[in-house]
Structures are given as structure tokens and as C-alpha cells.
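Participant: Chains as they are written, first to last, in this note's numbering: chain A, 1 to 723; chain B, 1 to 723.
No lab work stands behind these hints, which were simulated from the structure alone.
Possibly wrong hints are sitting among the right ones.
[Said to hold, decoys possible] Partner residues aside, some chain B positions facing chain A, computed with beta carbon under 8 Å:
(1) R355
(2) V575
(3) Y580
(4) D590
(5) R591
(6) A706
(7) P723
[Claimed, not checked] Example chain B residues on the side facing chain A (calculated, C-beta under 8 Å, incomplete):
(8) P179
(9) D576
(10) D702
(11) Q703
(12) K711
(13) G713
Cβ atoms here follow ideal geometry from the backbone N, Cα and C, with glycine treated the same way.
There are 2 protein chains.
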Amino acid sequence: MTIPEPTGVHPAWLPPEAFRAIGSRRTLVLGAGLLVGTVRDEVARACAAYGGALRHPGVTGDLDTRETARGDRADGAFDLVFALSTAQSPPDAVQAVRERSRRRYGDAGPGIGDEGFLIARHDGVTVVLADEPAGLLYGLFHVVRLGKPAFGAARPLERHRPAMRLRMLDHWDNVDVHPVMGQVERGYAGGSIFWRDGALSGDLTRVGAYGRLLAACGVNAITVNNVNVHATEAHLLTDRLGDVAAIADRLRPYGVRVHLSAGFASPIALGGLPTADPLDEDVREWWARTTERVYQAIPDLGGYVVKADSEGQPGPFAYGRSHADGANVLADALAPFGGVVHWRAFVYNHRQDWRDRSVDRARAAYDHFTPLDGLFRGNVILQVKHGPIDFQVREPSSPLIAAMPATRVAVELQVTQEYTGQQRHVCYLAPMWSEVLAFRPWGPAGPDVARIVAGAAADRDDIGTEHDGWTADETGCLVGVSNVGDDPYWTGHPLAQANLYAFGRLAWAPWTDPGAILDEWIDLTFAPAETGDAERLRRTLHAVMDGSWRTYERYTAPLGVGFMVRPGHHYGPDVDGYEYTPWGTYHFADRDGVGVDRTRATGTGFTGQYPPPWSEVYESLEQCPDELLLFFHHVPYGHVLHSGSTVIQHIYDTHFAGVEQVAETRALWAKLAGAGPVPPDVHARVSELLDEQLRCAEEWRDQINAYFFRKSGVPDAHGRRIP
Amino acid sequence: MTIPEPTGVHPAWLPPEAFRAIGSRRTLVLGAGLLVGTVRDEVARACAAYGGALRHPGVTGDLDTRETARGDRADGAFDLVFALSTAQSPPDAVQAVRERSRRRYGDAGPGIGDEGFLIARHDGVTVVLADEPAGLLYGLFHVVRLGKPAFGAARPLERHRPAMRLRMLDHWDNVDVHPVMGQVERGYAGGSIFWRDGALSGDLTRVGAYGRLLAACGVNAITVNNVNVHATEAHLLTDRLGDVAAIADRLRPYGVRVHLSAGFASPIALGGLPTADPLDEDVREWWARTTERVYQAIPDLGGYVVKADSEGQPGPFAYGRSHADGANVLADALAPFGGVVHWRAFVYNHRQDWRDRSVDRARAAYDHFTPLDGLFRGNVILQVKHGPIDFQVREPSSPLIAAMPATRVAVELQVTQEYTGQQRHVCYLAPMWSEVLAFRPWGPAGPDVARIVAGAAADRDDIGTEHDGWTADETGCLVGVSNVGDDPYWTGHPLAQANLYAFGRLAWAPWTDPGAILDEWIDLTFAPAETGDAERLRRTLHAVMDGSWRTYERYTAPLGVGFMVRPGHHYGPDVDGYEYTPWGTYHFADRDGVGVDRTRATGTGFTGQYPPPWSEVYESLEQCPDELLLFFHHVPYGHVLHSGSTVIQHIYDTHFAGVEQVAETRALWAKLAGAGPVPPDVHARVSELLDEQLRCAEEWRDQINAYFFRKSGVPDAHGRRIP
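Could you build all of it, start to finish, from the sequences and the hints given here?
Facilitator: Right under this line is the structure:
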């Protein structure tokens, strides 16, 4: 295999420099299989660039040419060994690390699963051990991340395994360019890397390069088409399956499995049946037969993703069937092949009457799905958006996550910045996701969302601070909606690459500190350690990115109230844009106050969907956290927050402050111009985008402040200009 | 020529029945030429249907076959004579009418111009006389309109000539389907009748039928493409000119001349020049050469329509040139061929800062163009929207119309219902247009807009109540943006056909009562006189349509404030939709009041663009008409109108009333179901649309009322429900 090298494309977190530490050393790879071959090829290329040596016994052909000159079977001749646990007569260092593992984990082994690995440094040799080839691949990228320190002092034995079995990116890519949504729905980084001009992209080099980036941050699954399955894309399931297989071929060497978004009405649209009723025998048969053909073409396909009865997509409701009926017919078809159905819980009434304040979109997923707990097949994964509405900058945790003990639940995050600046604004999302994953639905004594999703929901007593001790049940799934397109920087905004990277890292290890992930990303992407400007760059990027999500929150919709965006494209402010629409996204601002009363006492009762303590905390005006106040309560503008400020003054203050922070960010970034580790093209692109971010932030500030000033009549306490 | 008969298309105001009176009589046509041939063919077809006879001496071939059987040279043998004034040895009745004309108008003749005609009934013969063939064509359709009464008692001599030389419909049709705007920009009646799938429509039968409808209401000019000239459409000027010629060929027999919307940057886009600077010699040369080729292909092309420096279209500003420079370069190219440039005055800053209340879009056209008065060539027509903003349901007259004494000015109306219900709502616009045309910028002693546009602007002392005495100066031009598409009913809403008809009739005779035009349209379209339900139908349609514009006004944006529509598509309410945008369309509602201060005293000074008395009337809060109050003044919700109501109570009352009126309209229409002159398909279509109108009107009512209740806190005096 040749390692994909698309031209004119930014290397993201895998520039050649990231491989210097490995490439300048002597490496032994022990084992066979496709992914072991990938490890070998990566090391070989690194050695070719930096003068190191590689040995991969038992395989002839494409070894690094310098191997015979410098390679040696004596232990001391290797600095780094990747070995499958089944490797015969490995070097002493491997034997020593195996022995250490046996002492710690016993004869049953370390339980690292298909993708985990052990790493230690012993007697001057860094050893990566895995049960399966994928583990060596992830071990390789772990060593890449470590860089030079991987080869320094002795390292104790570390066990690494992913918290989530499936670390998945959903691509909302269309094959055709949609007249309104473009090619990538909610995509802000150009067209699709998979599809072009209504067909498979002619050059899949970039898809391979993408797989490599995904493996390096831990992602192991993707969908290749939009959950809104349009006419052309429906055919990926049948006559255009070859296109999907071609993509799968490119991603397979990096351990990434492909999934397909399937339309629920496919039996009608593709099969010519008169119905898509999931209990109809012909329909079941059609799904079974079709799925069999799919697996003939792509034996390791992950499964299907389905958006049903949602925003106009067809679903089982049309036949009076439940979503369990709907999901199970696909699950039964997939089961013989080990495939799963990702069934999205994003089901709500998008033709709501705004006049009817008793209806609450936040309630919808819970109301729809909790009666179905226990009715789904084992290979159905209910894919739940992390919040109850739709990826707003601030939402409470979806109560559904904790309400389906007998169902596999995946949490869906939005890496693409639909509501967080659309990759024109710096908005590092890992801090938000960390909060999402660390939320404990049953309070401090219960598990957090990450653990629930990882499959340890029942184990509520295990509050698990010793993360290394996690035992995921092999069903966990964290999903992100991809932010990638055919833009040269992959994600439009060069700094948005960090979100993609962080998503993968959090899916692997949800407890990781977002700041530490950012450090990894900085070191890989800019390799600052080698340039002398390391500290300055790191300090600047942390200043620019660490707080960027909260900055974005400050200058947009206040106190958890959400939306206030331009309908349709969702960029920029429009306070009343969704207020009188059927979408169920309201703030109810009037001349006296603002916010949505979701209490049981006087509102929609949504707070009752949480278990205690949150059912009480959110219900209580006194206890409700400030940042979610307007999500749960309608309050007068003069209501005093825990912060001591009134709601109206908080709105003014945060909006002025948010813009000032963007201006500071821009000034900080400007200082990075010229010499240093940030290439001029990246610097220029980010600079342009910061200009737009500042313009847009000012627009938010002025519109939000003007709106609430016009409504409340309360002047700013500090006399600042409100237009 | 065969008369076009598209299949599956509603005949609009020319059903066969409309020709019964002519078709059952004996007609003599005297004269030659293409348009006389059209008259002959129309009469021949009518005779074939209803048993009449036709004689057209000096022409062989396609005469009605019954002519020889019944025709006769004796006067008494004809009921109807169409004769050019040059006709030799006409029947006695013609001689008698000529003599009558001589007695009334003297030897210089009646001055009916190219398109006028005389009509009289003498000794049992109805005589239509004209100087030119077009006059006979318009005379024919006049007789069609008269119907049976044309052949009753003796009729005194009447002189008819159009008030406007150019009675023009601008089609905002694209050749390609625009991804957002569709094929017809602001079109609500399907695709284009000219273009299909990126090319000329394969069947132009419908274009011919359209020409016939236009002639029958008096329209004599159209554009065939959108004023926003996109890439494909730009080529109509050069390599796709043959398509335009083919359309012109179909329309020519009905006296309709074709115009082209041309892109100002065509010298660059089509000519490969580095500039479109109007003062550049190569650019002048390119326009001259290109225009010469255009006229080789279409010798009677009307000219060009240009939208420059407007909403993103290129224009002379890019080169530091004035709009006079820009228009004149095209005018010079067109002059040798008698062509004109329609230069749109719709120039404003669409990137306005909403925070800056000193900028006022309403001022823009006047500010841009008045300094240029006198600088335009004689074949430039400055095309001015009737109001200062953009076709809102209520606007004052554009002050520019009266401010360009040394420039030919055309007024542009919007027949397509962009802001008046998009052909889903009944909104008969003739009453609005009558008000627009009857506005007197210098007060009661000065001419009205119709007369100014007709070319009599200088003649301010002539207050002209005797319309028959008008002497237009052959430059007048009234333009309407077409509401026609390939919908079977031409205009989507069957009742919107009346707007198209009325536009033509008002362009011909601006003083005509809208109710009388509606009667004409009803009689032609439904031929109720023959069905026995005449009175009931007429009463119902008047009840449904006469007040429909004011009903629409009631349930939408109040008191002249405008907009409050959904951005982009402009259908349905969104009170703040444009409030914080760059488009310059604001209402400035806050908790205390609403409206735009356009006074000289404290506002944008727009009132100063009017001559007295309006400069004072609009300036004065006391004198300003209620219906324009919020266009000119920002007032508290408690401000008392001339009507005695407060602003806020007026908003509530009109919105409740508007919806009630739509409900009544629906009930009235329902009673027309079943037997009667309204065909079932027309009845069903209108019924469906009335359902949608009612739904949408309720949405307007509830959103407007809720918005202003939330802001003002003032309850409805009658305690009705405001959501």
C-alpha cells in the first residue's frame, strides 16, 4: 500500500515532521495483516524521510531499503517494537513487557480488546503490544503523539483501550449538490471529499488521507452520506453500492469502517414495493435480500444510519408502527452480518403551532422513545443528540440518555459548527463536549454520560475516577457530525481541525482534559518543539482557543435560551427568526421578560424527564444554573442571577465582553504573523476569518442588545452604546 | 397565420365565447399588412365558430369559406367594418364616420397615432377606423369587449388612443432554473413560457397565445429575460439571439415588441474586453457593433432594459461614471435603430448599516438620479418603481417621478404579487394602481402621475379631467412586472389574471375605473351574460375582488410601515425579519412605539424630496394620511389616528377584520360551486387557494398582534385572543 498524499491539501495533524521521532530510529514490526502492513508502511515512510530503519520479518518486498544495512535481530539494535501478542520469539524487551502485563493483569490478559494496546519503555526499547492489528495501528499513532519523549527515560506499562467501541463521524454529504443545502448539508468546508458532480470522486487519494487522519485521532467509523437521504443517494444501497465499496477499500487500511445512511422508504423507492411497512413480510424480505447483497460487496460494512419520521423523512409512523418496529426490521436484516442500525432519536413535531405553549420540542425524544425501551434488537443503537433541542451552544443534557437502560444508546455531537460559528468563528468545542460527557444524570454518585454511553449504565455505583479501570461493554458509541469537506484545510477554518481531532480523542478517552488534547493537536500540527517558538505558540493558541466556546456563547443567545439565528442557514443573529415558526424553538421574550417555562409547576413539565437531583435543580428558579436559566424558566428582565447581575444587565455585559474577547483574539493572532511555526497561508486564512468573526460578533452584540433594549427599555448600567 | 391554441391552457379573457358577437355577424376588413391579417384571421375564426361571414378584399387564400355564400358589397350586407383610413372606396358607413371625424377634429385628423382608432355605429354598421394596422387590431378587441352592444343602437363617434406609447411587461424569466429564485424570479405561476430546460421552449404556441392576450388588453411590449442577467441569459444578446428572434416572430402579429434585459458588464462577459467603462472607446464600439447585429436579427426590437449598480448587478459606479454615462452608451448604440434603453432607477445601498438611522433607502433613487436630470439621451427611459421602496402593499408615490422634468420617466408596477400574496391570495391590484396613477405630486392643481408619465409633465396647468382630450407625447411608458408562467391558468391564481388584464387596460387608459375593468374582465372570461347567472357572478366577484387589496393591507404590515415579511421569499409574516439587516427596510418598533421618522425636522429628511403640498402634508403628524403614518413618522402606540383609534388598537382591529374578510370571501366563493359560469376546475383551484389565504392571513394576524402585544403590553380593547 502507498500512503495517500493528496496534493495541495494541508496535512492537518500528520505533517511529515510529526514522524521525525519514529523516522529517525530503528523499528521492528512483528505481525501480519492489513493493519500491521499499514503500521509498517507508515514507519517505512518516516524512515525514508528521517534516516531511520525498519524491519518487518516474514514479509518481503516493500521494506525500507536501509533495513539490511542497519537492521539487526539483537534487541539493542531496535528503539521501537510493535508486536502482536501472538508474535513468536520476540526481542527481550517485548518479553519483559509481556511479563510486566502478566504480573499486573494476570493470566487473563490486560483486556485491551480489538483496538487496545500496551506501551512501555524497557531497556532503551519502546514496546507496543496488541492483541489485534488495529491495536498496533493506534499504538503507532500514540507513539507519534508522544514524539521524542517516547524514546527518553523508561516508561511504566500503560494500558490503552477506547472507551467507545464505535467512534464515528456522520458525514451529511450528498452525492448531488442540493440546490439549497449545497453538497454537504451543514458543511462549511467546501464540497464532499467522497462525491463530486453527482458521482464518486474521481480521485480517492484524499479519502485515504482522511482515513489516516481519523486513525491518528481514534475514529473508526464513518457514514458516507447524509441522513436526509435524497433520490440519488438512496441508490447507494443498491445499484451504486460499488461507489461505497470503493470508499470502504480506501479506509479499511486505517481501521475505519463505512456505514450507509438508508432511507426508510427504500423498499418503495428502490424496491418498487407498495409499502415500507416494517411488519410487511415483503418489506422484511426486501431488506434482508438487499442487505445480503450489500455485505457481499462490503463484508465489513458497519451498518445503517436512519433518520425516520423526522423533518420530513419517511418513517414507521406512516404505517402506525413504532420506531422499535421500524428499527428492528433493519436490525434483523443486518444481524447475520454483524451490522448495526443507528436509529436517530431526533424525532419531533416540526409543524408545531407556536401559539400552543403546552407543546415542547425539548420533550419530544424522551416522549417518543422511553416507552420503547427494551423493545429494540441488540444491534440497534439509538442515536441521541446530546441535548434535547439541536446542538445549541448551550443545552442541558438530553434526559433520554439516562432513560433507556435496556437500549444501546449513542450520543451524537456536532463537530460541524452549524450553530457555533460555521467554521468562520474560532470555537474549540472540546470543553463543551467534556461537560456533555461528564454530566451525571443521577447526580454526583451516579455514572456520567460517557460511562452510560460506553455501556456501563447499569453500574451506577462505579463512579470511576480511575479511568484506566473502565470496562466498556463493547457497545459504546459516540457519534460526531463531521466538519470535513474538500477545502484545502479540510475544515475550512484551520483551527477547526482541532475539533475533529478532539472528537476522536474524546471518543477514545472521554475523560481527557480538553487543554491536553489541544496541546497534542498543537504539537502534531505545528511541531513547535522543533522551531524554538514552542512556548509562545502554545500560549497563544490556548488563549485563542481554550475559552472560545464560552466566548461564542457570550455574544450569541443568552443563558441557554438557544436559537435566535437566521432561519435556514443558521448563521448570524435573528432574535425572532424562529419565534413564530413551526420549529418549536422559542424564547417568548416580551416587554417584561424572557425564557421558556419548562417547569412541572407552571410550564411544559420537561424538568420531570430528569431523575433527581436534576428534576429538582432545574425546576427550581433558585437552584437552576445561570447558564441554563432561560432554557428552564421565563423570568423578568430584572431577575437576579447567582452571579449577582440582573438578566438584562447580564445580556448587555456578556455581549460587550464577547466582542471584546474576539477583538483580543484577533490581536493575539496577529502577533503570530511572520516568522514562527504557523505557515503564512494558515496565518492569513485564520486572520481573514477572525475579521469575519469580529464583524459577526459585533452584529450579534448589537442585534441582541438592541432587541432587548427595545423590548425591556432598561438602559445599560454602564451607559454603553446600544443602537 | 394560424391563431395559436395551446392545449390544456385556460383561455383567460379570450374564450371562444367572447367572440360570439363578432363571429355571428358579417364583417368587412379593409387594408393590408401583418396586423390587418391578424384582425382578419381573428374574425375568420370567430365566423367559423359562430356562423358569421368575413370579406377581406384584395387578399386571396385563407378567407372564410362562407364569404362567397353570404358576403356582399352592398353596405347593408355588413354589420362590422374594419378599415384603414387609406382604404379606397369604402362602404357608405365608413364614409359617414370619416365625415363625422372631420367635422369634430378638422382636416388635421383625429390624431389617433399608430395604435389609436375611431369607432362609431352608423346605419346599422359598426365602423372601426384606424391610421395604422395596429389601430385596427386594438379596435377589434374593443369590439370583442363591447360584445353584443357593439351592434345595438347607433353609437356616437369615439376616439381611442393609448395614454402610454409603451405598455410593457417585464418578465423576470431565466433561461436556466436559478437554484434559489427558480426559473421565474418572483414568479408564482410555474416556469417560464419562453424558456425550458436551459433553452428556448420547444413549443412556442403558448407564446403566440400570450401575444394575443396581451393585444386584447393593450400591452405592446415585453422583455423576455430577468433584469438580473445571469450567465446563460447574458448570451441572449449575442450567440443566443436567434431564440429571442423566434419569440419576437410569435409576438409580432399581435403588435407586441420584444425587449432584452442586458447586463451592463456584457462587454467583459461576452466581448472579452478588460472593462465595461461606458466612456471607453472599445466599450462604445462593442455596444454599437453588438446592437447592430441584434437589429439585423430583430429589426423591430424595442431596446434594452438594464438594472445596473443594484443589488449586486454591475454598473457604471465601478468605473467612477454616472448612470447617465452608463445609460447613454447603450442609448447611442440603439439610436440608429430607433431602440430605447429602459434604465432602472432601483439603485440603493443594500449593504446599509441598520444602526445608522440617518441612512434611508426611500431617499436613494431621488438622491441618485435627480442630479442627472437632463443628462440622459432622448432614447433613455428612466424606469422608476411607483413607490420609493419596493412594491409594498402601501407606499407613497416615488418623489423621483415628479423630479425629472428633462428626462423620460416610466413608472414600474408589480403585477406579480411578490409582496401582495404571491398569487396564493386574492389581491386585485387595479385599485392600488389607480391610486398610484392618480396621485398628484404638486397637489390638486397639478398633473397626476399618469399624465406625467404619459409625457405631459410640463403641462402642469392642464388638470385634464376630459381624458379623451389627452395629448400624450409619444414617449409615455408604463411597465408591469409580469405575473405569468407556464401554469395552466397563466397566473397561478385564476383571479390573478384580472391583474394582468387590468395592467394593460390602465396602461392604455389610466383613468379607467378599476371596477369597470373588472366588469370587462368578468364578462370576457366567464361570459356570464350568456349563462343566466350574470348578476350573481358579477356581484360575487366584485365582493371577492374589489376590496381585496385593502383586505390584504389590513392583515399584513400596518399603516404603511411595509415589509415584515419572511426574508428571501417574502411570503408570510416575519415582523423583525428585515429589521436588523442591511436591506434598509425597518420599522423601529420598541416597547413605546413604531414607525420610521422620515421628517425633515427630526428624521431622515425624505419628506423634503416632495414638492409642496406633500412635503408639508407628510412632514406633519397631524396631516399625514393614516395609511402612511408609519412610513413617515415614529409614533407611540397610543397615538390617535384620524380614524379615532389608537395605533395599537388599529393594529389589532385591522388584523382581526382582515382575517374575517378573507373568511367571508371564502364563504362567498364557496356559494359559486356547482352550476354557473365558473368552471369546476377554476372553482376548485380558487377554493384551495382561499384555504391557504385564510391560513396565512391568520398567521399574519396572530404574529403581528402577538408581536405588538408582547412589545407594547397593551391589551386588545375588545378582549380578543392574542396568542
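Participant: Hint by hint, say whether it matches the structure.
Facilitator: Hints, one by one, checked against the model:
1. R355: holds (4 Å)
2. V575: Holds: closest Cβ of chain A sits about 7 Å from V575/B, inside 8 Å.
3. Y580: It holds, given that the least Cβ distance between Y580/B and chain A is near 5 Å, below 8 Å.
4. D590: With a closest approach of 4 Å, the D590/B hint holds.
5. R591: Status holds, d = 5 Å.
6. A706: Constraint on A706/B satisfied, holds at 7 Å.
7. P723: This interface hint holds because 4 Å falls under the 8 Å limit.
8. P179: Check passed: Cβ of P179/B comes within 4 Å of chain A, closer than 8 Å.
9. D576: holds (4 Å)
10. D702: holds (6 Å)
11. Q703: Hint on Q703/B: holds, closest Cβ of chain A at ~5 Å, below 8 Å.
12. K711: Nearest chain A Cβ about 6 Å off; hint holds.
13. G713: holds (5 Å)
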